[in-house]
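Sequence order for the protein chains is A, B, C and D.
The opening residue of the first sequence carries number 12 in the working numbering; numbering runs sequentially from there.
The opening residue of the second sequence carries number 12 in the working numbering; numbering runs sequentially from there.
The opening residue of the third sequence carries number 12 in the working numbering; numbering runs sequentially from there.
The opening residue of the fourth sequence carries number 12 in the working numbering; numbering runs sequentially from there.
The set of hints was computed from the structure by calculation and includes no laboratory data.
Worth double-checking, as some hints may not be accurate.
The list treats identical chains as interchangeable, and a pair is accepted whether it falls inside one copy or across any two copies.
Claimed, not checked - No more than 20 angstroms apart at the CA atoms, straight line, and that leaves these computed lysine-lysine pairs for PhoX-like: (1) K265 with K147; (2) K147 with K44; (3) K265 with K303; (4) K114 with K157; (5) K303 with K327; (6) K157 with K147; (7) K37 with K114; (8) K108 with K147; (9) K265 with K15; (10) K147 with K94; (11) K94 with K37; (12) K88 with K114.
There are 4 protein chains.
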Amino acid sequence: MNVKNSVLLGTLGRYSDRFHEFQPFKSLEDRLKTSAKIPRVHGVEPVYPQDIGHSGEQVELIQNADLPVSAVNVNVKGEAEFKYGSFTNPDQAVREKTVTYLKTAMDIAVDLGTNMVSVCPLIDGFDHAFQVDHSKQWQWFIEGLKGAAAHRDDVRISIEYKPFESRNHIIAPNMSTTLLACEQTGFKNVGVTMDVGHAISGGENPAAALALGHSMNRLFYVHFNDNDRRWDWDTLPGSVNLWETLETLYYVRKLNWSGWFAYDVFTRHGDPAEALDATFEIMENLNAFIDKIGMDTLQEMTETQQPAAAYRELIKAML
Amino acid sequence: MNVKNSVLLGTLGRYSDRFHEFQPFKSLEDRLKTSAKIPRVHGVEPVYPQDIGHSGEQVELIQNADLPVSAVNVNVKGEAEFKYGSFTNPDQAVREKTVTYLKTAMDIAVDLGTNMVSVCPLIDGFDHAFQVDHSKQWQWFIEGLKGAAAHRDDVRISIEYKPFESRNHIIAPNMSTTLLACEQTGFKNVGVTMDVGHAISGGENPAAALALGHSMNRLFYVHFNDNDRRWDWDTLPGSVNLWETLETLYYVRKLNWSGWFAYDVFTRHGDPAEALDATFEIMENLNAFIDKIGMDTLQEMTETQQPAAAYRELIKAML
Amino acid sequence: MNVKNSVLLGTLGRYSDRFHEFQPFKSLEDRLKTSAKIPRVHGVEPVYPQDIGHSGEQVELIQNADLPVSAVNVNVKGEAEFKYGSFTNPDQAVREKTVTYLKTAMDIAVDLGTNMVSVCPLIDGFDHAFQVDHSKQWQWFIEGLKGAAAHRDDVRISIEYKPFESRNHIIAPNMSTTLLACEQTGFKNVGVTMDVGHAISGGENPAAALALGHSMNRLFYVHFNDNDRRWDWDTLPGSVNLWETLETLYYVRKLNWSGWFAYDVFTRHGDPAEALDATFEIMENLNAFIDKIGMDTLQEMTETQQPAAAYRELIKAML
Amino acid sequence: MNVKNSVLLGTLGRYSDRFHEFQPFKSLEDRLKTSAKIPRVHGVEPVYPQDIGHSGEQVELIQNADLPVSAVNVNVKGEAEFKYGSFTNPDQAVREKTVTYLKTAMDIAVDLGTNMVSVCPLIDGFDHAFQVDHSKQWQWFIEGLKGAAAHRDDVRISIEYKPFESRNHIIAPNMSTTLLACEQTGFKNVGVTMDVGHAISGGENPAAALALGHSMNRLFYVHFNDNDRRWDWDTLPGSVNLWETLETLYYVRKLNWSGWFAYDVFTRHGDPAEALDATFEIMENLNAFIDKIGMDTLQEMTETQQPAAAYRELIKAML
């Protein structure tokens, strides 16, 4: 499996929900240093503009960290002007600003030695019936993506879908909607970041979603983490949906997909760097468990389609 | 609004879950007679082969009922040989039989005066991790649709998506996946039946889904009913998600969509025909409520994007 | 662990959902014979009146099978007269009939050598707002339980809770509501059947629910099976929520609970008896996996409360 | 209906999720002044210690606002030391501090002219299998409540239950568990705050939950707001589940419950005070809609149990 581990730099910083701050703020420098020390790490993903600076002020700091960059994460949701949306903001100026952010991040990505930006349009969508014009929202979303994709074809734009949060309904809630958007742009450099936890909280089977994205040559990036299907809790891979996590990994290998894995793992208890360390080891061990069973045996399960025999074998293999 | 009401003939027959039979079997003749008497009815949707007969033995009986046929519903899930799937059955012979069913139903549809068949692939998909080969399933699904669509271009095939039941994961779980499948067939006569209850139980906003399907010229048919987002309970339209039902109707009007509405409404208590009678009246009254507020006022809500003002007004309008 | 395996005789018979019959009808005699052959079986649970006969006509047949009876399952949901409820039916005659069923089943239980009846009030509750009088429903439910419990104190009545199906909201949807009902009866012989799948589909953590029921001396019976939290799919234990299933088993051991396990496992693909055979082996292997990690190690995890360390260790143990 | 409207002072302040700050910080003075200007307001609920000060430093400021206090909200989740829980913290010193907070707040409540404190134990519970000792957690929870309840019997402690957030599983997730806890304390001054949105996101029907709490004389407080059953979005009452909101109001009247209503309504778009203004008007109008239909007609619906007839009438009443 030709896959590398990236640290989403945000996962080492402040983590707070509406009621409690679980992890404190940490400087970019701290987070880069911490990342470098985690066993099995291959790279990092910094955030534009929060980590990088609006004009790339921190690019050199990141370059000096001597860790490959998997992608630049473009944050078009955090700042105040995005309150009513970024791609789908009713104000044209904000929509244009969103595209400018993407273009700038694409240029910076090249400076940072990567050919990918990732963007999660969490604030595009709606919360209520009768709140937005759905037809316009979709059109604006496609236009924004086109505007950015046309900027340069040597950098890929990877859209991270998610069903809800911050919006009750996000414009790109699942794999298929995101693939439709990609297709409608007409550009080959627009694709999908599949976050396994987002797939699960949206009711998808992540392996099936991954296979679909791959079949259309648009699976650009995979994020691992887990949750209980109710909310994107961002817990350790395999800590809830072990078999579906394993099946997803199995498909990565079966389809011979190569690229970066990253991990939206936020720990509320214990140290974030230790949580990432555990995450990387868990992924390695899940892979070893696949070997323990055997790729052929797993493939055979999908051909004989006998759940009782399959789970008898999967659980026996744990001993 | 240029929309007509169809009775899904199955809703007047036996209704049973795993534990209780709520409504008894009724003959086709009975169900046709009952349909004709329901106020505001414009047509019916019979099922192939259960209502119509494998070779169209009951076509004449249906024709004699003197009710327009909205579509022929092709059941590729009920019979024993579909246990492991229809479009996605690992056995090629069953996949071919599925296509044959569709073709036969398309021909019969023309005999019955309609240009549409509707098919809900409830038994295509999977229940467990490691149960099927997702890549093959998708490929088989597209191939089956192409095989049927090529049969004749004067009849439309409308795929009714649903997230789960009978399979834990159905191959066409939501609007976007179904639209992707339509696009991949390359045929214009393949489209979508949007069942509002399926949209809701799958976490979609039905109005947004409807607008997306319409924008791609693939929204062929709309079914109304409601549920509490946990399961496809098939209850009366507006009995749970009033505002989303209303918003869906509003989009039908705003987009000037025309065609058939049908109603997967199954009542566990009381008479099924009375439930459909109530359903048609509810739809008429929801429409009247839109007029009471005004299309322009509703459009304005989607432009100002102020939920507090919007719901203050929507609820005041109920008085 | 002093626990025995029972076969719910229904799991070997017909299994059908709204759209497909997955398993055919099988006679009681067949199902008893099949049960006796499943390795690791210790007993069976027959259904009153469907298996046993209204007046116990089949008691002898069951006795002759030479398998201990874990409990008599009292079905107060299947027959036509229970359409509007059993315990909570607005018609007093039906409520009385419900109590009579329970009393008769309690007497038959003794004849069959067990001191327990189990009852799952699936048809008691409601589907819609404004459909029932909630205060009356609760009162009737308690009265019915009291009426039955007073019949004889040497037989325990175990209420199997479930959040929904057949009703959208069942009167006893979770562990705590059921415990409240038990307490309000004032009888010690009223307790709870915890079905792990029902706990999961209702959003509970089954181990926490089990510990609560046990602390009040009202945990009478445990059913194992699994699902994806959306619906009671009745799949193999550990086939989805492996860690929660394991934690539940761990609590059974830690709390030194003893009694019968039964298994609502319904397979849609493959033979039901093989599915139960696999189920029993899976349970044995999950137990062995607990030993592989060690009870002390698991206890320590609950004391240190460090998820990253815990899941690192749990997953490493699979190799 | 003898019910008064309280402003939860937090709803006028900062509102931020993990990705965006939707509403800015506002001082207590500002929020008190704003509250006083909202039409139909009868009182406020300040938070201990964040609004009030650890030693009641702001009591006078609140008294001067000349608005009755519905209850003192005791926050035992926000501060750093509560990271591993408050009532259920493994560290005895933190558990004791939790009780001290409650006792202090009870005394301050009397100073502020109310006889109630409300507490929502959001950080008590767990996120993962094998993370906590469920038996100990429950015992600690009961002990903490007893310790506080014994402090003075002239002040009521109202526990606000919620299924999840901040913990994936909260110790008091639903009405029945909370009632069980109340009963186990043995104190009459321990009861329940029912937040309608929490009931809905936990799968409860709020009217049934309310009726159960009332029947045990433990329904102390009701919060209104709404959501789509997936997450506690805290949107306007009736903006999603109109009929269940209406049914809850109907039960308040039918059961002749009297007390305070408060409103966890957080608006992401538009002004918070306007959202509360709209909320109070919505509640008044929902009440008027009940009158439009008639209490007797609604009661009759619960007796005839015919959903088709009921929803036909409810929706017709909107015209």
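Hint check:
1. K265 with K147: between (40 angstroms within a copy, 13 angstroms between copies)
2. K147 with K44: neither (44 angstroms within a copy, 40 angstroms between copies)
3. K265 with K303: Answer is within; shortest intra-copy Cα gap is 16 angstroms, inter-copy 31 angstroms.
4. K114 with K157: For K114 and K157, only the intra-copy Cα distance (11 angstroms) is at most 20 angstroms; the inter-copy one is 40 angstroms.
5. K303 with K327: both (11 angstroms within a copy, 12 angstroms between copies)
6. K157 with K147: within (15 angstroms within a copy, 31 angstroms between copies)
7. K37 with K114: neither (27 angstroms within a copy, 36 angstroms between copies)
8. K108 with K147: within (18 angstroms within a copy, 42 angstroms between copies)
9. K265 with K15: Within one copy, since 17 angstroms is at most 20 angstroms while 41 angstroms is not.
10. K147 with K94: Within. Shortest intra-copy distance 17 angstroms satisfies the 20 angstroms Cα cut-off; inter-copy 42 angstroms does not.
11. K94 with K37: between (25 angstroms within a copy, 18 angstroms between copies)
12. K88 with K114: The answer is within: 16 angstroms in one copy meets 20 angstroms, while 42 angstroms across copies does not.
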